[in-house]
Amino acid sequence: MSQVVETESRASEADPSDVKGRSLTQIAWGRLRRDKTFIVSTIILAFFLLAAIFAPVITGFLGVDPYSLDPDVLDPAGGKPIGPWGGASWEHPLGVEWGTGRDIFARLIYGLRISLLIAFSATILVVILGTLFGIISGYARGWVDASIGRLMDLILAFPFFLIILALSGTMTQRLTDLGVPEGNASRITYLILVLGIFGWPYLARIVRGEVLSLREREFVESAVSLGASTPRILFREILPNLWAPILVYATLLLPVYVATEAVLSFLGVGVLPPDPSFGAMLGASTQYWTLVPSYLFIPGTLLVIIVVAFNLAGDSVRDALDPKAAKR
Amino acid sequence: MSAFVVRRVLIMLLMLLLLSFAVFFLFSILPADVARLTCGKICTDQTIELNRARLGLDKSIFEQYWLFLSAIFVGRTYGVGEGALVCEAPCLGWSFTKSEPVLELILDRLPATVFLALGAFVIFLIGGVGLGVYSALRRGRWQDKAITGVSLIGYSLPSFFIGLVVIFFVIIRWQLLPFPDYVNPWEDPVQFLQTMILPWIVLAVLYAAFYTRLTRSQMLETLSEDFIRTARAKGLKERVVIGKHALRAGLTPIVTAAGLDLAGLLGGAIILETIFSLPGLGSLAISSVLNPDQSILVGITLITATFIIVANLIVDILYAFIDPRVRPT
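Line by line, the protein sequences are chains A and B. First residue of the first sequence: 1, per this note's numbering; consecutive thereafter. First residue of the second sequence: 1001, per this note's numbering; consecutive thereafter.
No lab work stands behind these hints: they were computed from the structure. Everything numeric in this text was worked out from a predicted model, so none of it was measured. C-beta: ideal position from N, C-alpha, C; glycine also. Fair warning: there could be bad hints in the mix.
[To be verified] Incomplete in silico selection of chain B near chain A, CB under 10 Å:
no.	residue
1	L1018
2	L1026
3	Y1155
4	L1164
5	V1190
6	Q1191
7	L1193
8	M1196
9	G1267
10	I1275
11	S1288
12	V1289
13	V1298
[Claimed, not checked] Calculated cross-link-like contacts (lysine to any residue; reagent style SDA-like; alpha-carbon spacing at most 20 Å):
no.	chain 1	residue 1	chain 2	residue 2
14	A	K36	A	A52
15	B	K1244	B	P1279
16	B	K1244	B	L1214
17	A	K36	B	V1150
18	B	K1098	B	T1044
19	A	K36	B	G1149
20	A	K36	B	W1142
21	A	K80	A	I305
22	A	K80	A	G99
23	B	K1098	B	R1076
24	A	K36	B	D1144
25	B	K1145	A	K80
26	A	K36	A	F47
27	A	K36	B	T1222
28	B	K1145	A	F38
29	A	K80	A	T100
30	A	K36	B	K1244
31	A	K36	B	E1225
32	B	K1237	B	I1254
33	B	K1244	B	T1222
34	B	K1145	A	T37
35	B	K1145	A	R318
36	A	K36	B	R1141
37	B	K1145	A	R34
38	B	K1145	B	S1159
39	A	K36	B	I1153
40	B	K1234	B	K1244
Please put together the full structure from these sequences, using the hints given.
Set out below in structure tokens:
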């Protein structure tokens, strides 16, 4: 063992410019580290992610929380926050809500928490379903492939946004009946499930295409001739080769779901008050925006920054993992 | 060629049938009680039971589906005797919350949606493809970088936020336009344009961003192909090389996306119709969600899905015309 290490170190000493084979991961990582857009957007995302995870710590430190009412900062007649920018002060850095006096900053980071929870969970569900169906479809071929293919066609032909809206009321009720806590817990579960169930066919198509070509490769053939079981071939041999397209798809799907959650809450079928959400905050902002424009611009800008950062990062990951991409 | 079209049409009809059943099934089996939803807060047990019988909800799902399907061709009468409601063919169901046939409600709302969709479609297709081609031809220069940067951001913007921001500045702050109030174009063309211009622009900008990206990458791919070099070597004018050779070869994915997007838009731009208070299919859909009316939702879902499937068919046929490589023998 030590001998091997020695030989290696000596070899690298002898010729530092020795050309080494690099894996796709190493190449991609090398590209990403030099990609300024990626670094900046990742830092922004990491910042928001940490803020969302440690939301209780941050709000506790600042002495604010997203639910408690604060009538002291409101004008007793009409409930308008006292002061400009929605009553922004040291106590309430981004102001308070009209009529309730709930702290906007705390509601934003708690809203971020819910939004990211939905986006990540739905994306994970899509990745699981899409990968599973894609691998099976591509590897089995024949009637299995054909029936999964038709199922995907059917799901893709559904006006899925409309279906999400249309089924929200009844399905949320169903989930409550099944024992999911009533209210937003049921609504959030519904959103995650429905986004996942209608989202997987796109990924499954991509995965299927990859598997169709992978299954003809020598390493799969050798695994088959060595007598490996089908699950082993699927998940130990083929799956590790699929992570690049899956990762790219997942990073670009996250911002879509962040935006979708906001839109649904905006329309009144997603997360509802008193729980905070960007969409609901934007929806409520139109009532008071002539007097307090910050109600519109603070959550809106935050939403845009997050979605753009996710998209930029996703684009960079895609470029970095593209084997055909020219060196830059 | 005609055999190809016939086969595609047959597949489409089959898909439609399958889809209508799936939609019907999804909506019929999921809710707790459709009959209870028909009358809202004024329900008595008697009305619920009456409506249940009228809607045929006491029958099995397959019978219900058959009734629904046959109503499209021969019409349907809900209930018997004096209180019977007649829904003439083609009947897409009856809305008890609005006491009108669903199809009539949909046709009522269709014009606003169609105007919104077509207007935005023209703008974003011309704008998006144009910018994409321009950007590809200026690859790597500042024009290209500006266009790709702006389009990435435009692509990421949530439509409802942009809609709200535009209303806030253009209508409330600067008062350049009155509040949106939809009228038929032949009644008052000026007010129609004043209402539609903002939703058109917002919708078009969001979609154009996507088409710019798509066109640019397609153009870059085809421009590096051998037949482009051949075309240039033949001494063709650059305009012909770009317009006739490069753009045409790269057009197929753009046509696909455009067909599906137009179909989706014709099903109602739910968010923008809500924000700009346009009386279209999208706002009908959202109002039927918030004030539950299953039959309207089934109707709209089916219409939208039909648009999507028909668009798929048209796109497939268009392919054969645009790209000789796809043409079946």
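- Item | Q1191 of chain B as chain A interface residue, shortest Cβ-Cβ below 10 Å | Since the shortest Cβ distance to chain A is 22 Å, the answer is violated.
- 20 Å Cα cutoff - pair K1098 of chain B, R1076 of chain B: Answer holds: K1098 of chain B to R1076 of chain B is near 17 Å, not above 20 Å.
- Query: Does K1237 of chain B pair with I1254 of chain B here, judged by a C-alpha cut-off of 20 Å?
  - Reply: Cα-Cα ~24 Å, so violated.
- Query: Can the hint on S1288 of chain B be confirmed by a CB-to-CB distance to chain A that is less than 10 Å?
  - Reply: holds (8 Å)
- Regarding the hint that V1190 of chain B lies at the interface with chain A, is the smallest CB-CB distance below 10 Å? violated (26 Å)
- Pair hint outcome, K1244 of chain B versus L1214 of chain B [Cα-Cα no greater than 20 Å]: Measuring from Cα to Cα gives roughly 18 Å; hence the hint holds.
- Regarding the pair K36 of chain A and T1222 of chain B, is the alpha-carbon distance no greater than 20 Å? At roughly 29 Å apart (the allowed maximum being 20 Å), T1222 of chain B and K36 of chain A break the hint.
- Item | Satisfaction of hint between T1222 of chain B and K1244 of chain B, Cα-Cα up to 20 Å | Cα-Cα ~12 Å, so holds.
- Message: Holds or violated: K36 of chain A and I1153 of chain B, Cα atoms, limit 20 Å.
- Response: holds (17 Å)
- Task: Below or equal to 20 Å on CA atoms is what counts here, so check K1098 of chain B against T1044 of chain B.
- Result: holds (18 Å)
- Within a Cα-Cα threshold of 20 Å, do K36 of chain A and E1225 of chain B meet the stated pairing? violated (31 Å)
- Message: Run the distance test for K1234 of chain B versus K1244 of chain B: straight-line Cα separation, threshold 20 Å.
- Response: holds (14 Å)
Of the hints listed earlier, those the structure fails to meet are numbers 5, 6, 7, 8, 14, 15, 21, 25, 27, 30, 31, 32 and 38, in rising order.
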